[in-house]
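Q: Work the whole structure out from these sequences, hints included.
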Amino acid sequence: MEFPSDLRYTKEHEWARLLDNGLVRVGVTDYAQDALGDVVYVELPDIGAKVKEEESFGEIESTKSVSDLYAPVTGKIVGCNSLLEEDPQLVNEDPYGEGWLVEVRPQVMFDETSFMTANEYRVYVEEAE
Amino acid sequence: MGVSQEAALKETALASRHRELGGKMGAFAGFQMPIQYEGTLKECRAVRQTCGIFDVSHMGTVFVRGVDASRVLQGLFTNDIEKAPVGAAQYTLLCAPDGGVIDDLIIFHLAAEDWMIIPNAANVHVVVAEIVAAKARQPGPVRLVVEDVSAEYGILALQGPRYAEVLASVLPNVSVGRFRLASFDFAGEGVLSGTGYTGSPGVEIVAPASSVTRLWDALQLPLREVGGCPAGLAARDVLRLEMGYPLWGNDIDRETSPLEAGLGWAVAFRKGDFRGAEALRAQREAGVPRMRVALLGEGRRPLRAGSVVLDAQEAEIGIIRSGGFSPLLERGIGLALVQRAKVPFSIDLRGRRVAVEVVDLPFVDLS
Numbered sequence: 001m002e003f004p005s006d007l008r009y010t011k012e013h014e015w016a017r018l019l020d021n022g023l024v025r026v027g028v029t030d031y032a033q034d035a036l037g038d039v040v041y042v043e044l045p046d047i048g049a050k051v052k053e054e055e056s057f058g059e060i061e062s063t064k065s066v067s068d069l070y071a072p073v074t075g076k077i078v079g080c081n082s083l084l085e086e087d088p089q090l091v092n093e094d095p096y097g098e099g100w101l102v103e104v105r106p107q108v109m110f111d112e113t114s115f116m117t118a119n120e121y122r123v124y125v126e127e128a129e
Numbered sequence: 001m002g003v004s005q006e007a008a009l010k011e012t013a014l015a016s017r018h019r020e021l022g023g024k025m026g027a028f029a030g031f032q033m034p035i036q037y038e039g040t041l042k043e044c045r046a047v048r049q050t051c052g053i054f055d056v057s058h059m060g061t062v063f064v065r066g067v068d069a070s071r072v073l074q075g076l077f078t079n080d081i082e083k084a085p086v087g088a089a090q091y092t093l094l095c096a097p098d099g100g101v102i103d104d105l106i107i108f109h110l111a112a113e114d115w116m117i118i119p120n121a122a123n124v125h126v127v128v129a130e131i132v133a134a135k136a137r138q139p140g141p142v143r144l145v146v147e148d149v150s151a152e153y154g155i156l157a158l159q160g161p162r163y164a165e166v167l168a169s170v171l172p173n174v175s176v177g178r179f180r181l182a183s184f185d186f187a188g189e190g191v192l193s194g195t196g197y198t199g200s201p202g203v204e205i206v207a208p209a210s211s212v213t214r215l216w217d218a219l220q221l222p223l224r225e226v227g228g229c230p231a232g233l234a235a236r237d238v239l240r241l242e243m244g245y246p247l248w249g250n251d252i253d254r255e256t257s258p259l260e261a262g263l264g265w266a267v268a269f270r271k272g273d274f275r276g277a278e279a280l281r282a283q284r285e286a287g288v289p290r291m292r293v294a295l296l297g298e299g300r301r302p303l304r305a306g307s308v309v310l311d312a313q314e315a316e317i318g319i320i321r322s323g324g325f326s327p328l329l330e331r332g333i334g335l336a337l338v339q340r341a342k343v344p345f346s347i348d349l350r351g352r353r354v355a356v357e358v359v360d361l362p363f364v365d366l367s
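These protein sequences, in sequence, are chains U and G. Following our numbering, the numbering of the first sequence begins with 1 at its first residue and continues without gaps. Following our numbering, the numbering of the second sequence begins with 1 at its first residue and continues without gaps.
Check the hints yourself; a few may be wrong.
[What the hints assert, rightly or not] Computed spacing ranges between beta-carbons, pair by pair:
id: 1; chain 1: G; residue 1: R353; chain 2: U; residue 2: V123; range: 39 to 45 Å
id: 2; chain 1: U; residue 1: Y124; chain 2: G; residue 2: G22; range: 21 to 27 Å
id: 3; chain 1: G; residue 1: A315; chain 2: U; residue 2: N119; range: 52 to 58 Å
id: 4; chain 1: G; residue 1: G249; chain 2: U; residue 2: E2; range: 36 to 42 Å
id: 5; chain 1: U; residue 1: T117; chain 2: G; residue 2: G30; range: 40 to 46 Å
id: 6; chain 1: G; residue 1: A187; chain 2: U; residue 2: D68; range: 49 to 55 Å
id: 7; chain 1: G; residue 1: F179; chain 2: U; residue 2: K50; range: 56 to 62 Å
[What the hints assert, rightly or not] Okay, derived cross-link-like pairs now, DSS-like style, lysine-lysine, Cα gap no bigger than 27 Å in a straight line:
id: 8; chain 1: U; residue 1: K64; chain 2: G; residue 2: K24
id: 9; chain 1: G; residue 1: K135; chain 2: U; residue 2: K64
id: 10; chain 1: G; residue 1: K42; chain 2: G; residue 2: K24
id: 11; chain 1: U; residue 1: K52; chain 2: U; residue 2: K11
Hint data in this document are derived by calculation from the structure and do not stem from the laboratory. Using N, Cα and C, we set each Cβ at its ideal position, and we do this for glycine too.
A: What follows is the structure, given as structure tokens:
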């Protein structure tokens with residue numbers, strides 16, 4: 001299972017990537033997509049919606065279950081991955097690339113240290129197994 | 001999942017095969033079963049387009065033999081076994097005296113005095129007990145032997161438009177039509193049945209576990225050669241739901257009448273007395289309070305079992321009993337039980353309203 005080292009990870013099995021323009025891109029991890037199974041529907045917020053750290057901002061549904069998506073940071077939604085409307089399985093096929101979920105303009109500066117690194121997340125996942 | 005819980009689960013003879021194939025195992029009806037291998041959608045696609053193989057050995061295998069077997073079973077099950085001559089299979093129901101469904105099952109008429117019964121995994125013991133009790137209720141001596149071989153037998157389902165090619169490469173001289181049976185010998189005698197629960201063409205193979213294991217192994221290469229793959233119970237659930245086939249425990253149970261569940265076609269009122277007949281006749285006269293409806297969601301969002309069904313006035317009129325996502329339609333689908341004469345308008349999915357449309361079954365057209 002892959003956990004790219006340039007990403008930061010949450011206990012909710014999501015990743016956050018600080019982009020050059022200060023936005024934070026959010027997706028679910030390889031572990032999460034594997035545990036979910038085939039994703040068939042993703043409910044994302046509208047552009048402009050306010051999201052709050054650790055609160056649900058959407059839902060991801062696989063053939064077998066539905067899970068909440070949690071915002072890793074507080075801020076405003078400035079981008080949603082519209083490819084997922086037609087092809088939600090991108091989350092399974094490319095969770096860190098084309099399967100990203102939303103982009104958030106964080107209210108305060110993104111603090112990498114409040115997340116897990118790839119190595120820490122790997123340990124976290126192994127302990128959860 | 002706790003260790004003790006896992007230890008209590010039974011496995012089929014193919015459990016090690018499933019693990020080698022990377023199958024994700026999960027609990028179903030007291031068994032540790034493969035829920036999926038590479039992916040549920042891929043497995044559904046294989047069954048619809050080429051071929052998939054399922055291990056359904058968790059289901060029971062019960063022989064009922066003897067000169068009185070047909071008479072006793074005719075008085076127990078709802079369907080008319082006169083319509084299942086030797087060499088035929090039949091879908092039937094076992095109902096309680098109040099008309100509730102104890103189990104739905106397939107019965108095979110192997111020989112004049114020889115039946116094989118395939119109950120759901122969770123209901124094997126109760127079905128066997130009901131047959132034994134039915135025997136005891138008969139006046140005078142009854143020649144009938146019930147033999148539960150569930151632990152020694154296995155069942156495979158080979159399903160998909162290219163199943164016959166796959167099968168022929170392993171059992172070259174055996175073929176069956178829909179709901180027809182044939183015997184074969186492949187390191188043990190077994191029964192080939194033109195049945196399955198996916199709606200796609202295919203067969204089920206019932207044989208001693210050692211034979212089933214060898215068949216599973218022998219079928220893998222021809223299966224891959226047509227582009228097929230093993231398929232798990234999650235795919236089976238999706239495929240049966242696309243056809244509107246009921247799942248015992250979801251769509252039917254002890255508290256649900258076959259007349260409510262759209263299974264009146266499997267209740268042969270004309271054949272005379274059978275278990276539950278009186279209650280079911282009364283229900284037919286009076287009309288049942290609920291009816292099964294097929295619901296198509298407005299978008300991709302899967303409909304989920306347990307969701308409340310609402311009418312246009314937002315009144316609660318029923319519950320989704322089975323729900324999910326149809327890969328062929330790319331829409332949410334569900335089977336619901338709703339109050340008679342009410343019209344479903346939407347469902348409540350975790351507080352969100354999702355518009356639904358009542359459609360005819362099957363959801364998908366495979367012709």
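Q: Can you confirm whether the C-alpha distance between K42(G) and K24(G) stays at or below 27 Å?
A: holds (14 Å)
Q: Using the beta carbons of A187(G) and D68(U), state whether their distance is inside 49 to 55 Å or not.
A: holds (50 Å)
Q: Tell me if the beta carbons of G249(G) and E2(U) are separated by a distance inside 36 to 42 Å.
A: holds (38 Å)
Q: K52(U) and K11(U): Cα distance at most 27 Å?
A: holds (16 Å)
Q: Return holds or violated for the Cβ distance of A315(G) and N119(U) against the range 52 to 58 Å.
A: holds (55 Å)
Q: With respect to the beta-carbon atoms only, verify the hint that R353(G) and V123(U) lie 39 to 45 Å apart.
A: Holds, since R353(G) and V123(U) (Cβ atoms, about 42 Å apart) stay within the stated range.
Q: How does the Cβ-Cβ distance of T117(U) and G30(G) compare with 40 to 46 Å: does it lie in that range?
A: holds (42 Å)
Q: Between F179(G) and K50(U), does the C-beta distance stay in 56 to 62 Å?
A: About 59 Å separates the Cβ atoms of F179(G) and K50(U), which means 56 to 62 Å holds.
Q: Hint check: K64(U) vs K24(G), CA-CA at most 27 Å. Holds or violated?
A: holds (13 Å)
Q: Between the alpha carbons of K135(G) and K64(U), is the straight-line distance 27 Å or under?
A: violated (42 Å)
Q: Is 21 to 27 Å respected by the C-beta to C-beta distance linking Y124(U) and G22(G)?
A: holds (23 Å)
Consistency note: the structure conflicts with earlier hint 9 alone.
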